[in-house]
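Visitor: Below, each chain spelled out in residue letters.
2 protein chains.
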Amino acid sequence: MAERLAGLGHAVTVGTRDPQATLARTGADAMGNAPFAAWSAANAGIDVARFADAAAGAELIVNATNGGASLDVMAQAGAENLDGKAILDIANPLDFSNGMPPTLFVKDTDSLGEQIQRAFPAARVVKSLNTLNADLMANPGQLSEASTVFVSGNDADAKHTVTVLLKGFGHQDVIDLGDITTARGTEMLLPVWLRLWGALGTPVFNFKIVR
Amino acid sequence: MAERLAGLGHAVTVGTRDPQATLARTGADAMGNAPFAAWSAANAGIDVARFADAAAGAELIVNATNGGASLDVMAQAGAENLDGKAILDIANPLDFSNGMPPTLFVKDTDSLGEQIQRAFPAARVVKSLNTLNADLMANPGQLSEASTVFVSGNDADAKHTVTVLLKGFGHQDVIDLGDITTARGTEMLLPVWLRLWGALGTPVFNFKIVR
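For the record, the sequence lines run as chains A and B.
What the first sequence shows, in our numbering, is residues 1 to 211, in sequence order.
What the second sequence shows, in our numbering, is residues 1 to 211, in sequence order.
Chain A extracted, bound-state conformation (with noise of 0.2 Å):
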C-alpha cells in the first residue's frame, strides 16, 4: 500500500512504534516477507516514524494494522493527530485465538470500524479495501476483469476522498454502502472469503457485484 501510495506521487510516511526496532529487524516476518530494512532500503523516498509522527503530519491516515491492535495503535498516533482526518481503515477483526480459520472479535450489532469512530469521534473514519488481499488492494488490475470495493462512513467528504483514492489503484466500481454501522457488513464478508481462499487456493480473487 505505501509503496502503490508512492508510486502515485504522495508523500508517504509509514507508522510503527519504534523504528528502530522495526528497523533492525534481520528475519522474516510471520508471513514469510523480508526484513522490513530491506523494504525500506528499496524504497528510500518513504520515511519511517513513530505512530504519533507519521499521523501528525499526515493529511489521510491509513489504518492497515492487525484489527485486534487497531485501537491500542490508533491511541499511539494521538487523537490531536487524528482529529478532523479522514481514516482510511482497512483492518479486519480477525481473532487467532481459537486456531484456524480466525472468527471475528466484534461482528453482526457493532464492527472494528464503529470502534474507531467511536474512540476517535473527531476523526472520519472510512471503511474500505477491507474484503481483497492486501496486494490486490492497491493492485487490481491484474485480476481478469474490474471487481468491486466498497466505502462505509459517515463523512460524505472523508467518503469522496477515498474514493478518489480507489480510482486512482485502478478500481472502477465504487459501491458507497451508507454510514459507518455498514462496516458490519464488509467485516462480516471474512469468513467466506477466508473459505474462498482455501477452496480456490489463492489469495488473488474479488468479489465483483453483479446487476
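Simulated from the structure, these hints should not be mistaken for laboratory data.
A quick note: this is a predicted structure, and the numbers were derived from the prediction, not measured.
Where hints are given, some of them may not hold.
Chain copies aren't distinguished; within one or between two, either way the pair holds.
Subject to a maximum C-alpha distance of 25 Å in a straight line, what follows is the list of computed SDA-like cross-link-like pairs (lysine to any residue) [to be verified]:
no., residue 1, residue 2
1, Lys167, Pro102
2, Lys208, Asn98
3, Lys167, Gly198
4, Lys167, Gly178
5, Lys167, Gly9
6, Lys208, Trp197
7, Lys167, Gly201
8, Lys208, Val164
9, Lys167, Ala199
10, Lys208, Ala6
11, Lys208, Ala79
12, Lys208, Gln142
13, Lys208, Ala56
14, Lys208, Ala42
15, Lys208, Ile175
16, Lys208, Ala49
17, Lys208, Gly168
18, Lys167, Gly7
19, Lys208, Ala122
20, Lys208, Pro101
Since the structure of chain A is provided, determine the placement of chain B on it from the hints.
Guide: Frame of chain A; chain B shown alone:
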C-alpha cells in the same frame, strides 16, 4: 423455486403446516404477494401437502423456510422422511427482533446449515443459494452477466446433485467451499447483501468471484 423446478420437469410438492389453511388465505402475504391459492391455481401441476407428506415422497428436499422456523419445520417433516436425502438449505438465520436491518441468530462459530445437519445427522445437508434474491436463485439469467453461487456440505454426492440442479437453473459458476461448516461464510454474507440492497435500491444483484 417450485415453479422453476416444475418447469424443468421435476415433480414438485410444496410443504406447509396445514394445506387447507394455506389455501384458504385471501390476503396478500407480508411481502405483498398475492394469496398462495392464486399461485397454486396457476400452477395446478404442483401439489400442496403437509410437511411430512411432502417430504415422504421426495428425492430431494428444499428448505425454503424462514430461518427462525427451519428446525421446527424440518422436525414436522420428520427425521424418518429426511434420512439419507439431500436437503438443499437456502434459508438464512435472520433475526428481525431488533428491527431493520436484521441481525443473525447464529454466526461465526456455528451456522443454521450446521444446526440442521446436527439435528438430522442422517440427512445430507447442502447449503446453497442463500446469498441471492429468491427470484435470482431460480432465474439468474436476468443479470447482465454470469455470477457465482456456492455449495457447502459434508456429502460429495449430495453436493453433486445440487450442483446439477443449480446448473439447470442457469448458474454457470458454482464454487464448492467445503464441508457444512463453510455455511458460516455464506450465511455471514447476508449483512452486506442487506446493505447492498439498500445502496443499490434493488435486490436484483449477485456476487461474482473474479479470479
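Visitor: All the hints need checking, so say for each whether the structure fits it.
Guide: Status of the hints after comparison with the structure:
1. Lys167 - Pro102: Neither way: Lys167 and Pro102 sit 30 Å apart in one copy and 32 Å across, limit 25 Å.
2. Lys208 - Asn98: neither (30 Å within a copy, 30 Å between copies)
3. Lys167 - Gly198: Between. Shortest inter-copy distance 23 Å satisfies the 25 Å Cα cut-off; intra-copy 29 Å does not.
4. Lys167 - Gly178: within (18 Å within a copy, 34 Å between copies)
5. Lys167 - Gly9: within (14 Å within a copy, 47 Å between copies)
6. Lys208 - Trp197: Cα proximity of Lys208 and Trp197: in one copy and across copies (16 Å, 15 Å).
7. Lys167 - Gly201: For Lys167 and Gly201, the Cα distance is within 25 Å only across copies (23 Å; inside one copy 28 Å).
8. Lys208 - Val164: For Lys208 and Val164, both the intra-copy (19 Å) and inter-copy (24 Å) Cα distances are at most 25 Å.
9. Lys167 - Ala199: Between. Shortest inter-copy distance 19 Å satisfies the 25 Å Cα cut-off; intra-copy 29 Å does not.
10. Lys208 - Ala6: So Lys208 and Ala6 fail the 25 Å test inside a copy (27 Å) and across (31 Å) alike.
11. Lys208 - Ala79: neither (36 Å within a copy, 39 Å between copies)
12. Lys208 - Gln142: both (14 Å within a copy, 16 Å between copies)
13. Lys208 - Ala56: Neither, since 36 Å and 40 Å both go past 25 Å.
14. Lys208 - Ala42: The answer is neither: 34 Å in one copy and 37 Å across copies each exceed 25 Å.
15. Lys208 - Ile175: This pair counts as both: shortest intra-copy Cα distance 11 Å, inter-copy 15 Å.
16. Lys208 - Ala49: neither (36 Å within a copy, 40 Å between copies)
17. Lys208 - Gly168: both (18 Å within a copy, 23 Å between copies)
18. Lys167 - Gly7: within (14 Å within a copy, 44 Å between copies)
19. Lys208 - Ala122: For Lys208 and Ala122, the Cα distance exceeds 25 Å both inside one copy (33 Å) and across copies (37 Å).
20. Lys208 - Pro101: both (23 Å within a copy, 22 Å between copies)
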